[in-house]
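Trainee: Chain order of the listed sequences is A, D and F.
With my numbering applied, the first sequence corresponds to residues 12 to 342, in that order.
With my numbering applied, the second sequence corresponds to residues 85 to 369, in that order.
With my numbering applied, the third sequence corresponds to residues 10 to 316, in that order.
Think of the hints as simulated: they come from the structure by calculation, not from any bench.
One or more hints might be untrue.
Only part of the chain D face toward chain F is listed, based on derived beta-carbon distances under 7 Å [what the hints assert, rightly or not]:
(1) Ile99
(2) Leu101
(3) Met207
(4) Ala329
(5) Ala334
Per the computed footprint, the stretches of chain D lying under chain F, defined by three or more beta-carbons under 8 Å from a beta-carbon of chain F, are [stated by the list, open to error]:
(6) 214-225
(7) 262-269
20 Å max Cα-Cα, derived SDA-like pairs, lysine to any residue [claimed, not checked]:
(8) Lys211(F) with Asn29(A)
(9) Lys269(A) with Glu306(A)
(10) Lys49(A) with Ser32(A)
(11) Lys277(F) with Gln314(D)
(12) Lys281(A) with Ser297(A)
(13) Lys211(F) with Lys162(A)
(14) Lys269(A) with Tyr256(A)
(15) Lys211(F) with Thr121(A)
(16) Lys83(A) with Glu98(A)
(17) Lys94(F) with Val132(F)
(18) Lys99(A) with Thr224(F)
(19) Lys49(A) with Lys162(A)
(20) Lys83(A) with Thr44(A)
(21) Lys277(F) with Lys142(D)
(22) Lys211(F) with Leu71(A)
(23) Lys211(F) with Ser136(F)
(24) Lys110(F) with Ser99(F)
(25) Lys277(F) with Asn232(D)
(26) Lys162(A) with Thr121(A)
(27) Lys277(F) with Leu226(D)
(28) Lys83(A) with Gly318(A)
(29) Lys99(A) with Ser136(F)
(30) Lys140(A) with Thr224(F)
(31) Lys162(A) with Thr224(F)
(32) Lys142(D) with Val167(F)
(33) Lys211(F) with Ala307(F)
(34) Lys277(F) with Pro315(D)
(35) Lys12(F) with Pro315(D)
By construction, the Cβ of each residue, glycine as well, lies at the ideal position given by its N, Cα and C atoms.
Each chain, written out:
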Amino acid sequence: MEKDNILLDVQDLSVHFNTDSGTVYAVNNLNLTLERGKAIGFVGETGAGKTTTALAILQLIQSPPGEITSGKILFNGQDIIKMTEAEKRRVRGGQIAMIFQDPMSSLNPTMTVEDQIMEMVLLHSDVSKKEARERAWEMLSLVGIRSERGKEYPHQFSGGMKQRVCIAIALACSPSLLIADEPTTALDVTIQAQVIELIKDLQQKVNTSLLLITHDLGIVAEVCDTVAIMYAGKLVEYAPIELLYSNPMHPYTQGLFKAVPDLDSPIGEKLMVIPGLPPELTELSSGCSFAPRCEQARDICHERACGMEEKARGHFVDCYLFAQNPEPAEV
Amino acid sequence: MFSLNKHSALRYTLIRLRRNYMAVAGLFILFLLIVVAIFAEQIAPHGYADQDYMMILKGSSAQHWLGTDQFGRDVLSRIIYGSRVSLQVGLVAVAISLVIGGAIGAIAGYFGGRLGNVLMRLMDIQLAIPTILLAIVISSVLGPGLTNLMIAVGLTSVPRFARLMRASVISIKDMEFIEAARAMGASHTRIINLYILPNCAAPFIVQSTLTVANSILFAATLSFLGLGIQPPFPEWGGMLSDARAYMRTAPYLSIYPGIAIMVTIIALNCIGDGLRDALDPKQKR
Amino acid sequence: MLKYALWRTLQLVPIIISVMFILFTLLYFTPGDPALVALGEEASPEAIVAFHREHGLDQPFFVQFGNYVYNVVFHLDFGYSYAMKTPVASELLPRVPVTMKLAFWAVLFSAVIGIPLGIICAVRQYSILDSVATLFTLLGISIPTFWSGLLVVLAFSVYLEWLPSMGFDTPAEMILPIITLSGSSLAIIARMTRSSMLEVIKSDYVRTARSKGQTEFSIIFRHALPNALIPVLTIIGMQFGTLLGGSIVTEAVFSISGIGRLMIEAIKMRDYPIIQGGVLFISVAFCLINLLVDVLYAWVDPRIRVK
Numbered sequence: 012m013e014k015d016n017i018l019l020d021v022q023d024l025s026v027h028f029n030t031d032s033g034t035v036y037a038v039n040n041l042n043l044t045l046e047r048g049k050a051i052g053f054v055g056e057t058g059a060g061k062t063t064t065a066l067a068i069l070q071l072i073q074s075p076p077g078e079i080t081s082g083k084i085l086f087n088g089q090d091i092i093k094m095t096e097a098e099k100r101r102v103r104g105g106q107i108a109m110i111f112q113d114p115m116s117s118l119n120p121t122m123t124v125e126d127q128i129m130e131m132v133l134l135h136s137d138v139s140k141k142e143a144r145e146r147a148w149e150m151l152s153l154v155g156i157r158s159e160r161g162k163e164y165p166h167q168f169s170g171g172m173k174q175r176v177c178i179a180i181a182l183a184c185s186p187s188l189l190i191a192d193e194p195t196t197a198l199d200v201t202i203q204a205q206v207i208e209l210i211k212d213l214q215q216k217v218n219t220s221l222l223l224i225t226h227d228l229g230i231v232a233e234v235c236d237t238v239a240i241m242y243a244g245k246l247v248e249y250a251p252i253e254l255l256y257s258n259p260m261h262p263y264t265q266g267l268f269k270a271v272p273d274l275d276s277p278i279g280e281k282l283m284v285i286p287g288l289p290p291e292l293t294e295l296s297s298g299c300s301f302a303p304r305c306e307q308a309r310d311i312c313h314e315r316a317c318g319m320e321e322k323a324r325g326h327f328v329d330c331y332l333f334a335q336n337p338e339p340a341e342v
Numbered sequence: 085m086f087s088l089n090k091h092s093a094l095r096y097t098l099i100r101l102r103r104n105y106m107a108v109a110g111l112f113i114l115f116l117l118i119v120v121a122i123f124a125e126q127i128a129p130h131g132y133a134d135q136d137y138m139m140i141l142k143g144s145s146a147q148h149w150l151g152t153d154q155f156g157r158d159v160l161s162r163i164i165y166g167s168r169v170s171l172q173v174g175l176v177a178v179a180i181s182l183v184i185g186g187a188i189g190a191i192a193g194y195f196g197g198r199l200g201n202v203l204m205r206l207m208d209i210q211l212a213i214p215t216i217l218l219a220i221v222i223s224s225v226l227g228p229g230l231t232n233l234m235i236a237v238g239l240t241s242v243p244r245f246a247r248l249m250r251a252s253v254i255s256i257k258d259m260e261f262i263e264a265a266r267a268m269g270a271s272h273t274r275i276i277n278l279y280i281l282p283n284c285a286a287p288f289i290v291q292s293t294l295t296v297a298n299s300i301l302f303a304a305t306l307s308f309l310g311l312g313i314q315p316p317f318p319e320w321g322g323m324l325s326d327a328r329a330y331m332r333t334a335p336y337l338s339i340y341p342g343i344a345i346m347v348t349i350i351a352l353n354c355i356g357d358g359l360r361d362a363l364d365p366k367q368k369r
Numbered sequence: 010m011l012k013y014a015l016w017r018t019l020q021l022v023p024i025i026i027s028v029m030f031i032l033f034t035l036l037y038f039t040p041g042d043p044a045l046v047a048l049g050e051e052a053s054p055e056a057i058v059a060f061h062r063e064h065g066l067d068q069p070f071f072v073q074f075g076n077y078v079y080n081v082v083f084h085l086d087f088g089y090s091y092a093m094k095t096p097v098a099s100e101l102l103p104r105v106p107v108t109m110k111l112a113f114w115a116v117l118f119s120a121v122i123g124i125p126l127g128i129i130c131a132v133r134q135y136s137i138l139d140s141v142a143t144l145f146t147l148l149g150i151s152i153p154t155f156w157s158g159l160l161v162v163l164a165f166s167v168y169l170e171w172l173p174s175m176g177f178d179t180p181a182e183m184i185l186p187i188i189t190l191s192g193s194s195l196a197i198i199a200r201m202t203r204s205s206m207l208e209v210i211k212s213d214y215v216r217t218a219r220s221k222g223q224t225e226f227s228i229i230f231r232h233a234l235p236n237a238l239i240p241v242l243t244i245i246g247m248q249f250g251t252l253l254g255g256s257i258v259t260e261a262v263f264s265i266s267g268i269g270r271l272m273i274e275a276i277k278m279r280d281y282p283i284i285q286g287g288v289l290f291i292s293v294a295f296c297l298i299n300l301l302v303d304v305l306y307a308w309v310d311p312r313i314r315v316k
């Protein structure tokens, strides 16, 4: 991996929330890299810390009660955390844009759709209102909405179309990184496919890198180049998709794959579940956080977490189960 | 809902309420007020109608801590007895509006249709008249006196409770456990009393507290205007009305009864706000 | 939009007639014979009968009611005050502008001070300013208007002698009554604005605006405020009605010759036609204001306007 090619480099990121009921350790010592033009899938259950990581990248964590307690977020080599507020605002939307999970509530009900796209354009480029409006219409066409509809209000659009508007807003200034937080979870299955197609399409057209947060392994397979699996605030596995899908190593990842119903399996066969529940994030255990639910857990797993290690070429896992790859990975 | 096992709603609410210092202070003041009202005879240094001709319009003294009024009556004692009137009006008025409004709202919500519409229209008509004016009209029609005051104030709050009850009933009515009860053969009355009402309790408790405060304010206003309680019975609003003529000579007469009203209403509002926060599952902090 | 306004106006008619009916009925069945009020306790039976005939008091109930409605709607004739021996309208109508002025200025004051206060408290939640303002709004809703009027007169007229304590003609005379009357509605509007803003600030579309890199200032004024003010609008309309009622007390304290003071005199003298006329007038005004607010609300909120 060449250094120049790395767009986003998250190093040792930890995010904690100080609440009345104690500290919530939402994200712990996370490491992640993303190359230009590539797409990474960020997979995990609800509450695993994926959205928190995304918000941390955009520096949108509410500062009480949340705080970033360690780590760096290097974007194009610069640490976002250390930027001034004005610099952060320039990055948001201009270089890193985000679309959120629930399109129904993500748009301002009292502003027209084109105004909301124009706002993005006017914030990051020095153009006239007329030019901004034209750009807004361009973006609407790009996402498959007639530009005449720009004067309408969000409530006049369906869920899928609202999400397209959000995509139009996010890509209006051609950001280098698009973060999509479960963009299709709130939509009908048929619309899901359309929106994912759109995102894939635009990602290639505009040459944006993509950080796609989802719990759907199928979508990840379609769109992403690498995958990161997250559990209880930590990354547990990280690999290019071919490697991950052909050889999932971490027991949690294996559990996730097994839980996906198989069209070929005999009728009446019980669905596989991972027994137990994810841990409360208010206690940081020194052992592996998945150990209580892991069938293959050994004593050492409960005492000390393994840490992410490269067990195969480009394939990182946080687990004692796999031998070290004797071949050192090429840098 | 009313069990006190470890994770019941009631216990949780009480814990949250206890954390709210203002609400706790309010409860304490309310408690004091109730004690004072009940034991007025024992606490008050003088009777509320005892006139002392030697001490007309005199300020604070050893005998009369808060001074005397134009008839030589002890202000402190009158304020103490006045608490009895205020609390009575507050509680009875709320009871009236709760029962009548609750019944109307429950019927309108549960049975719906024509009947429901008509009932709610009636409430709308009542709401078209500003509440204080309605209280004045009812009061002047019924005549003076404590009972009539309670009725007048109570009736004005009926629509609020009716609407609240109707909304609660409608939200619960279509839930499946009601269908199950109906399938069991439960009568309408049983369903309303056993299933629906207990689940509507939370907003009612809050609204009742705030309505007690409102009723006391109304009662004071009506007495101030000359309706309601007649002399020599002491009512805080009435005392303030009398005080107007003596603003230059005895300004304290305009102050003390008002403080009594203010403290009572603040306490009730704090309790109401505290209850609202404690009962709202979405509230944090 | 226009259709909505017309439809709502039409709905008002049965309500107003019902209000008239309720008021008319209440006062119809009040004990006391108007003839005795007008002619005195010693009047002869013949005089009483003549009086009844002259004022249509011997007609059946519904005929009397029908006449009443007709007179009010087409002639602005609210009946006859037996105690004052004049038509109600001639006492009532001249006082209308005064009360309307008082209520209007009070609402304006409450909104102009209350809304910014609410916004500041929401944006600076948990700050000292927020706590102090919350305390003040608590006082605002807990202090009866008539008492704050008395206190304000005590302070500014009796002791400091800065401002007059009576009347409503010069600006100096207007200051104290307006401040007094607006006390509680200012508190309510401030509280409502604060809670509405807090809710809106936590909403998803504000988060979207932040992710665009928008400044806090723009977020508050372009995104949060327009959405937060919509429910506040309804409250302001309701407050106008409360103020119309509350003006009674303010007019009493400051000796202002508006409808309120007329009503107080009428209460003392048991002059029911005046009470009836005054309450009816204010209720109709209240209904119209609410109608206006509803229509305004429907216009301001795109979700309703564009259907």
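Trainee: Evaluate each hint against the coordinates.
Mentor: Outcome of the hint check:
Taking 7 Å as the C-beta contact cut-off toward chain F, the hint placing Ile99(D) at the interface is violated, the least distance being around 22 Å. Look at Leu101(D): its Cβ only gets to about 17 Å from chain F, farther than 7 Å, so that hint breaks. Given the 7 Å rule on beta carbons, the hint for Met207(D) is violated: about 11 Å separates it from the nearest Cβ of chain F. Interface restraint check: Ala329(D) against chain F, minimum CB-CB distance 12 Å, threshold 7 Å, status violated.
Taking 7 Å as the C-beta cut-off, the interface hint given for Ala334(D) is violated, the closest approach to chain F being about 11 Å. Taking a C-beta to C-beta cut-off of 8 Å, the segment 214-225 of chain D contributes 10 residues in contact with chain F, enough for the three needed, and the coverage statement holds. For the segment 262-269 of chain D, the assignment as covered by chain F is violated, since 0 residues bring a beta-carbon within under 8 Å of that chain's beta-carbons and 3 are needed. For a cut-off of 20 Å, the pair hint linking Lys211(F) to Asn29(A) stands: about 18 Å separates their Cα positions.
In summary, the hint linking Lys269(A) to Glu306(A) is supported, as the alpha carbons are separated by about 14 Å, within the 20 Å threshold. With a C-alpha separation of about 40 Å, the suggested pairing of Lys49(A) with Ser32(A) is violated against the 20 Å cut-off. For the suggested pair Lys277(F) and Gln314(D), the alpha carbons sit about 13 Å apart, so the restraint of at most 20 Å is met. With a C-alpha separation of about 34 Å, the suggested pairing of Lys281(A) with Ser297(A) is violated against the 20 Å cut-off.
Using a Cα cut-off of 20 Å, the hinted pair Lys211(F) and Lys162(A) is violated, with the two alpha carbons roughly 26 Å apart. For the suggested pair Lys269(A) and Tyr256(A), the alpha carbons sit about 12 Å apart, so the restraint of at most 20 Å is met. Restraint check: the Cα-Cα separation between Lys211(F) and Thr121(A) comes to about 16 Å, which is no more than 20 Å; the hinted pair holds. Proposed proximity of Lys83(A) and Glu98(A) is supported: the alpha carbons are some 16 Å apart, at most 20 Å.
Under the criterion of a C-alpha separation no larger than 20 Å, the hint pairing Lys94(F) with Val132(F) is inconsistent with the structure, at around 58 Å. Of the supplied pair hints, the one linking Lys99(A) and Thr224(F) holds, its CA atoms being roughly 11 Å apart against a limit of 20 Å. Distance hint between Lys49(A) and Lys162(A) is unfulfilled; the C-alpha atoms sit about 34 Å from each other, more than 20 Å. Between Lys83(A) and Thr44(A) the alpha-carbon distance is near 12 Å, which keeps this suggested pair within the 20 Å criterion.
Restraint check for Lys277(F) and Lys142(D): the C-alpha separation of about 30 Å exceeds 20 Å, so the hint is violated. Restraint check for Lys211(F) and Leu71(A): satisfied, since their Cα atoms lie roughly 13 Å apart, inside the 20 Å limit. For a cut-off of 20 Å, the pair hint linking Lys211(F) to Ser136(F) stands: about 18 Å separates their Cα positions. A threshold of 20 Å between alpha carbons decides the hint, and for Lys110(F) with Ser99(F) the separation of about 19 Å falls inside it, so the pair holds.
Distance hint between Lys277(F) and Asn232(D) is fulfilled; the C-alpha atoms sit about 17 Å from each other, no more than 20 Å. For the suggested pair Lys162(A) and Thr121(A), the alpha carbons sit about 12 Å apart, so the restraint of at most 20 Å is met. Of the pairs offered as hints, the one joining Lys277(F) and Leu226(D) holds, with about 14 Å between alpha carbons and a cut-off of 20 Å not exceeded. The straight-line distance between the Cα atoms of Lys83(A) and Gly318(A) is roughly 18 Å, inside the 20 Å bound, and the hint therefore holds.
Restraint check for Lys99(A) and Ser136(F): not satisfied, since their Cα atoms lie roughly 26 Å apart, outside the 20 Å limit. At roughly 18 Å between alpha-carbon atoms, Lys140(A) and Thr224(F) fall within 20 Å of each other, so this suggested pair holds. Our distance criterion of 20 Å between C-alpha atoms is broken by Lys162(A) and Thr224(F), whose separation comes to about 24 Å. Between Lys142(D) and Val167(F) the CA atoms are separated by roughly 19 Å; this keeps the pair inside 20 Å, and the hint holds.
The straight-line distance between the Cα atoms of Lys211(F) and Ala307(F) is roughly 24 Å, outside the 20 Å bound, and the hint therefore fails. At most 20 Å may separate the alpha-carbon atoms for a hinted pair to count; Lys277(F) and Pro315(D) meet this at roughly 15 Å. Restraint check: the Cα-Cα separation between Lys12(F) and Pro315(D) comes to about 55 Å, which exceeds 20 Å; the hinted pair is violated.
Consistency note: the structure conflicts with the earlier hints numbered 1, 2, 3, 4, 5, 7, 10, 12, 13, 17, 19, 21, 29, 31, 33, 35.
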